[in-house]
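Take the given structure of chain D and dock chain A to it, following the hints.
There are 2 protein chains.
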Amino acid sequence: MPTFKLTVAYDGTGFVGWQRQAAGTSIQGLLEDVMTELAGTPTPVTGAGRTDAGVHARGQVAAVHLEREIDAQTLVRAANAHLPAAVRVIDAEVVPESFHARFDATAKTYCYRIWNADVLSPFERPYVWHLPGPALDRDAMRTAAALLEGRHDFAAFQGTGSDALSTERRIFASRVDGDAHDGALVEYAIAGDGFLRYMVRNIVGALVEVGRGRRPPAWIGEVLASRDRSQGGRTAPAAGLFLVRVEYGAYNHGLPRRTPHVA
Amino acid sequence: MPTFKLTVAYDGTGFVGWQRQAAGTSIQGLLEDVMTELAGTPTPVTGAGRTDAGVHARGQVAAVHLEREIDAQTLVRAANAHLPAAVRVIDAEVVPESFHARFDATAKTYCYRIWNADVLSPFERPYVWHLPGPALDRDAMRTAAALLEGRHDFAAFQGTGSDALSTERRIFASRVDGDAHDGALVEYAIAGDGFLRYMVRNIVGALVEVGRGRRPPAWIGEVLASRDRSQGGRTAPAAGLFLVRVEYGAYNHGLPRRTPHVA
Numbered sequence: 000m001p002t003f004k005l006t007v008a009y010d011g012t013g014f015v016g017w018q019r020q021a022a023g024t025s026i027q028g029l030l031e032d033v034m035t036e037l038a039g040t041p042t043p044v045t046g047a048g049r050t051d052a053g054v055h056a057r058g059q060v061a062a063v064h065l066e067r068e069i070d071a072q073t074l075v076r077a078a079n080a081h082l083p084a085a086v087r088v089i090d091a092e093v094v095p096e097s098f099h100a101r102f103d104a105t106a107k108t109y110c111y112r113i114w115n116a117d118v119l120s121p122f123e124r125p126y127v128w129h130l131p132g133p134a135l136d137r138d139a140m141r142t143a144a145a146l147l148e149g150r151h152d153f154a155a156f157q158g159t160g161s162d163a164l165s166t167e168r169r170i171f172a173s174r175v176d177g178d179a180h181d182g183a184l185v186e187y188a189i190a191g192d193g194f195l196r197y198m199v200r201n202i203v204g205a206l207v208e209v210g211r212g213r214r215p216p217a218w219i220g221e222v223l224a225s226r227d228r229s230q231g232g233r234t235a236p237a238a239g240l241f242l243v244r245v246e247y248g249a250y251n252h253g254l255p256r257r258t259p260h261v262a
Numbered sequence: 000m001p002t003f004k005l006t007v008a009y010d011g012t013g014f015v016g017w018q019r020q021a022a023g024t025s026i027q028g029l030l031e032d033v034m035t036e037l038a039g040t041p042t043p044v045t046g047a048g049r050t051d052a053g054v055h056a057r058g059q060v061a062a063v064h065l066e067r068e069i070d071a072q073t074l075v076r077a078a079n080a081h082l083p084a085a086v087r088v089i090d091a092e093v094v095p096e097s098f099h100a101r102f103d104a105t106a107k108t109y110c111y112r113i114w115n116a117d118v119l120s121p122f123e124r125p126y127v128w129h130l131p132g133p134a135l136d137r138d139a140m141r142t143a144a145a146l147l148e149g150r151h152d153f154a155a156f157q158g159t160g161s162d163a164l165s166t167e168r169r170i171f172a173s174r175v176d177g178d179a180h181d182g183a184l185v186e187y188a189i190a191g192d193g194f195l196r197y198m199v200r201n202i203v204g205a206l207v208e209v210g211r212g213r214r215p216p217a218w219i220g221e222v223l224a225s226r227d228r229s230q231g232g233r234t235a236p237a238a239g240l241f242l243v244r245v246e247y248g249a250y251n252h253g254l255p256r257r258t259p260h261v262a
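Note that the protein sequences, when read in sequence, are chains D and A.
Residue 23 in numbering that gives the first Met the number 0 sits at position 24 of the first sequence, with consecutive numbering throughout.
Residue 211 in numbering that gives the first Met the number 0 sits at position 212 of the second sequence, with consecutive numbering throughout.
Bear in mind the hints are in silico, worked out from the structure with no lab data behind them.
Since the model is a prediction, treat every value here as computed from it, not as a measurement.
Note that CB positions come from ideal geometry on N, CA and C, so glycine has one too.
Heads up, a few of these hints could be off.
Unchecked claim - Going by beta-carbon spacing under 7 Å, a handful of chain D positions derived as facing chain A:
(1) 8
(2) 84
(3) 85
(4) 118
(5) 247
This is chain D alone, in the form it adopts within the complex:
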């Protein structure tokens, strides 16, 4: 009986997040319901990471072992026929039964999108953090973002209530882009071997402090060194965050050149 690695895209708006909850609709719950239906027996689905409520994914990865012979193409079609349009299985691939979506992951890439103009495009509403007012200093943000690359203790950027054993993570790349859309869109991309809860959104909150000129770029390094969450900025809202890609094996993709929310 086959085990599949699924690549899943979803518009997180209105969902309670990846993980199945007591109340509300989760992506994991939707996938488990569909796979259970297909297999005729309760079928768990394991994700590479738990995206929070309202966070989007272009390339979440999940593993599922099906008690039924089925080929990958048929699985994709059958799953998408049952899932709501906001959730799509974009690929399925047979993998060894030992494959673990979460523990085997070696790199994840996230993007965060900020709309930095007074008028918010109606097409961007659910996919950005809207920051009207003066233009963010992208050069300062870029300098600050680069300070996060390498292996560091990211305790200062971890949300409260986490249970991670270690708060050390290795960041392969951390970069601010923002020339598209007449300067309205500021895009942050970060790739690392793992992320703590709210880590990307807390980093973005701090980068925005720098972009607004309230703190110098070097302040990000001070926050990092403090290992103290209370030193950082606010947590950026969920809507701007996209899980772009999960990798297994050596990290080699680099950051996406641009981060369209269309996949």
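Okay, now just chain A, sitting in the frame of chain D:
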């Protein structure tokens, strides 16, 4: 008392279209309600063109004469504070009272977006025509699209029930692009001095016949020459269509290089 030229963007999903109707929410109706509220007296708003139900706009233009002194910036802010987030006034400019949004328009540019892949991105759902199955022949579509440039009688691409006095229009540019998004997205852009009802969607319906290989590119010329709507293809759905820009004066912008649905 000032007259304003408003540039308006909207996500047309769920609206009955630009024009005020007996039932349902229209963009014109929303704008008239807001302007009436601001002016304290019934205030009509005239659009450059009537987009149909479900059609989007990145740069619709409207004219409004306000019986109240107000500067452009304040007007933009006040309007957006009252409008739903799906409709945004992105610019306001004082113009002579004689300005007419519709009759003075010299060029309009539309884009039409097709998602040509089996799995539809959850982020593109309301902004494309989803055509799964074999890849469309973009070269054939490009050749066919070019045949529409110039001054022609477009009666064959006019929807029934129109009351246009003349069905002649001049098309400045008509082009198919489609390299972005791993080939999933096929984008059609057309600029002309005016458009008949359903004209762009009917043209796209015919281009898709060519893209599917059911007709050769030259067939588009035959349909055009027939002046007979029954010779053409189906009408493409509203969701893929965007009014990108309305111009006053000489046409000189050319087509957008890409047609992101974000503005």
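Outcome of the hint check:
1. 8: holds, 6 Å
2. 84: holds, 5 Å
3. 85: holds, 5 Å
4. 118: Nearest chain A Cβ about 5 Å off; hint holds.
5. 247: violated, 21 Å
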